[in-house]
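Work out the full structure: start from the sequences and follow the hints.
Protein sequences appear in the order of chains W and V.
First residue of the first sequence? That's 4 in the working numbering, and the numbers climb one at a time after it.
First residue of the second sequence? That's 2 in the working numbering, and the numbers climb one at a time after it.
None of the hints are false.
Pairs of lysine to any residue, SDA-like flavour, derived with a Cα cap of 25 Å: (1) V/K116 <-> V/F126; (2) V/K116 <-> W/G275; (3) V/K116 <-> V/E190; (4) V/K116 <-> V/G141; (5) V/K118 <-> W/N281; (6) V/K118 <-> W/E282; (7) V/K116 <-> W/H17; (8) V/K116 <-> W/R19.
Please keep in mind that the hints were generated in silico from the structure rather than gathered at the bench.
Read off the chains here:
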Amino acid sequence: MLEVRDLVVEITVHRRAPIRPVRGVSFEVRSGQRLGIVGESGSGKSLTALSLMGLLPPRARIASGEVYLRGRELTGLSERELAHVRGGQISTVYQDPMSSLNPLQTVGHQVIEAICAHEDVGRREARDRAIALLRDVGLPEPERRVDDHPHEFSGGMRQRVMIAMAICANPDVLIADEPTTALDVTTQARIMEMLERLVDERRLGVILITHDLGLAAAFCDDIHVMYGGRIVESGRAASVLREPVHPYSEALIESICGLDRDVDRPIAAISGHPPLPNELPSGCPFHPRCGYAHDLCAREAPRPLEVRGHLAECHFPVGGARS
Amino acid sequence: MISTDPVTISDGAPLVVVEGLSRHFRLGGRSSGRIVRAVDDVSLELARGATLGLVGESGSGKSTLARLLLHLDRPTAGRVLFDGTDVFATSSRELRRLRREMQIVFQDPYASLNKRKTVEQIVSFPLLVHERTLTRRERGARVLELLALVGLRPEHAAAYPRQLSGGQCQRVSIARALALNPRLVVLDEAVSAVDVSIQAQILNLLRDLQQRLALTYLFVTHDLAVVRYMAGTIAVMYLGRIVETGPREALFGEPRHPYTHALLASIPPPPGSQPPAEVVLRETAASDTLPPGCRFHPRCPLGERSVCQTVDPPLQPVAAGHSVACHFPQSAESLLAEAGRG
Numbered sequence: 004m005l006e007v008r009d010l011v012v013e014i015t016v017h018r019r020a021p022i023r024p025v026r027g028v029s030f031e032v033r034s035g036q037r038l039g040i041v042g043e044s045g046s047g048k049s050l051t052a053l054s055l056m057g058l059l060p061p062r063a064r065i066a067s068g069e070v071y072l073r074g075r076e077l078t079g080l081s082e083r084e085l086a087h088v089r090g091g092q093i094s095t096v097y098q099d100p101m102s103s104l105n106p107l108q109t110v111g112h113q114v115i116e117a118i119c120a121h122e123d124v125g126r127r128e129a130r131d132r133a134i135a136l137l138r139d140v141g142l143p144e145p146e147r148r149v150d151d152h153p154h155e156f157s158g159g160m161r162q163r164v165m166i167a168m169a170i171c172a173n174p175d176v177l178i179a180d181e182p183t184t185a186l187d188v189t190t191q192a193r194i195m196e197m198l199e200r201l202v203d204e205r206r207l208g209v210i211l212i213t214h215d216l217g218l219a220a221a222f223c224d225d226i227h228v229m230y231g232g233r234i235v236e237s238g239r240a241a242s243v244l245r246e247p248v249h250p251y252s253e254a255l256i257e258s259i260c261g262l263d264r265d266v267d268r269p270i271a272a273i274s275g276h277p278p279l280p281n282e283l284p285s286g287c288p289f290h291p292r293c294g295y296a297h298d299l300c301a302r303e304a305p306r307p308l309e310v311r312g313h314l315a316e317c318h319f320p321v322g323g324a325r326s
Numbered sequence: 002m003i004s005t006d007p008v009t010i011s012d013g014a015p016l017v018v019v020e021g022l023s024r025h026f027r028l029g030g031r032s033s034g035r036i037v038r039a040v041d042d043v044s045l046e047l048a049r050g051a052t053l054g055l056v057g058e059s060g061s062g063k064s065t066l067a068r069l070l071l072h073l074d075r076p077t078a079g080r081v082l083f084d085g086t087d088v089f090a091t092s093s094r095e096l097r098r099l100r101r102e103m104q105i106v107f108q109d110p111y112a113s114l115n116k117r118k119t120v121e122q123i124v125s126f127p128l129l130v131h132e133r134t135l136t137r138r139e140r141g142a143r144v145l146e147l148l149a150l151v152g153l154r155p156e157h158a159a160a161y162p163r164q165l166s167g168g169q170c171q172r173v174s175i176a177r178a179l180a181l182n183p184r185l186v187v188l189d190e191a192v193s194a195v196d197v198s199i200q201a202q203i204l205n206l207l208r209d210l211q212q213r214l215a216l217t218y219l220f221v222t223h224d225l226a227v228v229r230y231m232a233g234t235i236a237v238m239y240l241g242r243i244v245e246t247g248p249r250e251a252l253f254g255e256p257r258h259p260y261t262h263a264l265l266a267s268i269p270p271p272p273g274s275q276p277p278a279e280v281v282l283r284e285t286a287a288s289d290t291l292p293p294g295c296r297f298h299p300r301c302p303l304g305e306r307s308v309c310q311t312v313d314p315p316l317q318p319v320a321a322g323h324s325v326a327c328h329f330p331q332s333a334e335s336l337l338a339e340a341g342r343g
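Below, the structure is given as structure tokens:
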């Protein structure tokens with residue numbers, strides 16, 4: 004349904020050489036599929052999402068690559084055509100529901116506005132549809148709450164409203180960019196459950212962008228792990244979490260402070276820090292932090308290899324043909 | 002000099018004792034009568050050289066409590082004893098001495114560092130204020146010593162915060178907090194904003210520093226897994242009150258408050274392990290006033306009971322060192338069974 008081919012995003016800062024935060028990313032999203040893109044800051048995960056929506060910041064642009072939605076190429080579309088795709092066929096839920104809602108207007112008004120932007124319906128009907136949508140995303144007493152303002156809602160309820168707006172035009176693909184990061188932990192699980200039910204009922208394709216590998220593994224069918232602007236490992240979610248192939252995925256999983264951690268021992272931390280796009284090392288972007296790195300890793304960027312059903316960009320994959 | 006010899010931690014009087022501490026804020030004018038009880042009658046103790054973990058969600062009052070401990074805010078009622086001295090009833094001269102002993106590390110390392118100052122200036126600032134007899138050369142040496150202590154290189158001294166990664170900035174914050182050899186360090190969501198792969202580095206560093214310098218930590222966080230790793234004793238806060246507190250083993254092994262159950266159930270379980278019995282909370286509207294009775298009842302699976310709606314439950318012991326503020330403290334399984342019966 005959605006296909007991204009060899010996407011490259013370039014940022015040009017005045018008089019300096021352009022930097023490439025996204026360096027050749029390819030993936031597909033099928034109808035009803037839940038795909039997780041997992042990465043740390045600077046990995047390129049959010050810019051990848053923004054470029055699908057045609058919402059890159061001013062100095063950034065898609066330098067090469069294609070994005071196909073139901074066979075239609077999106078990167079060459081005019082702003083006017085893109086505006087129609089946005090919120091219509093592809094829509095987004097962002098991290099912070101408070102700053103995404105207008106505090107001066109009622110919640111209902113904003114949902115109705117979203118409905119009317121994509122469909123020619125009367126005020127009355129749009130209002131009924133808004134109430135039905137709000138009920139569908141699990142807002143209690145939607146008939147009464149529809150006339151409330153955002154400040155009268157808890158963080159979780161606001162995020163439910165944002166999700167209602169995102170799905171109002173029956174999009175094909177929903178991009179959820181850290182949808183629960185700003186919410187309290189007890190609310191996070193409820194929102195993810197609701198999202199899970201919605202995408203199953205509506206056969207939505209979902210791209211979950213997150214830094215939280217545990218969350219991605221619990222929600223997604225498939226996971227792409229991004230590092231230094233590339234997808235360094237992809238595979239079935241449970242399999243990536245249990246038997247990672249790329250040393251970065253492996254080290255990341257071992258460094259997570261989970262509830263099963265032995266409290267008497269230090270955590271196996273990854274040294275150094277994730278590279279910024281303007282300071283990418285040569286060869287494999289992970290090699291300076293990698294416990295398995297050889298000379299080859301600093302010289303040559305690895306090509307994607309298939310190992311145990313995962314695709315990984317590593318010269319010496321974990322449990323693979325390592326010498 | 003910073004002593005780096007391992008220090009044996011002796012039992013004895015706690016370093017910090019908090020007694021009946023409250024901080025209420027009045028909303029609107031004097032006549033409106035609406036009062037937010039950000040911290041409401043909280044008592045706790047911080048044992049020397051140990052870590053107390055304070056867990057809560059947004060609005061639980063955990064940061065207000067941390068601010069009160071550091072004398073960054075004044076309480077409405079109650080008192081804080083630091084090594085036996087009442088922090089809010091002391092002379093300004095004595096307070097100045099006390100301030101050296103207690104330091105804080107904030108969540109966002111970029112926002113808490115002055116971007117126009119070099120790392121050296123940032124870390125030496127506390128020394129300029131409190132150690133006026135030090136020469137420039139001595140201060141410089143001390144800064145290098147501190148940077149080494151937190152795992153930074155000497156060349157980082159000349160860097161500006163924007164030239165450093167999030168993890169390195171957080172190390173600078175820690176170095177600044179340690180500059181005056183404090184005994185208490187409040188870590189307010191100190192690893193919540195750093196990258197996943199950096200979090201473990203900082204946690205290891207904090208534990209290492211605690212051992213070497215015999216530091217007492219108040220570790221404030223919303224993350225249960227992190228607090229379990231860091232703190233031997235844990236207090237769970239909800240709307241200004243401690244609802245459950247106890248040693249790590251009790252709180253994670255035999256939790257008794259419905260809110261603690263819900264917090265534990267909300268963490269994705271490690272792969273291959275059994276998810277805990279799922280206690281689901283009701284969502285309530287945003288409100289700035291407390292409900293009558295138990296403050297948790299509007300979200301509790303058993304919240305329909307009249308005793309919960311009318312009587313505020315006190316924090317009462319259920320086992321040695323393990324206390325719960327609930328009329329019906331029980332395991333998650335029996336709570337779910339009881340809620341199912343209605």
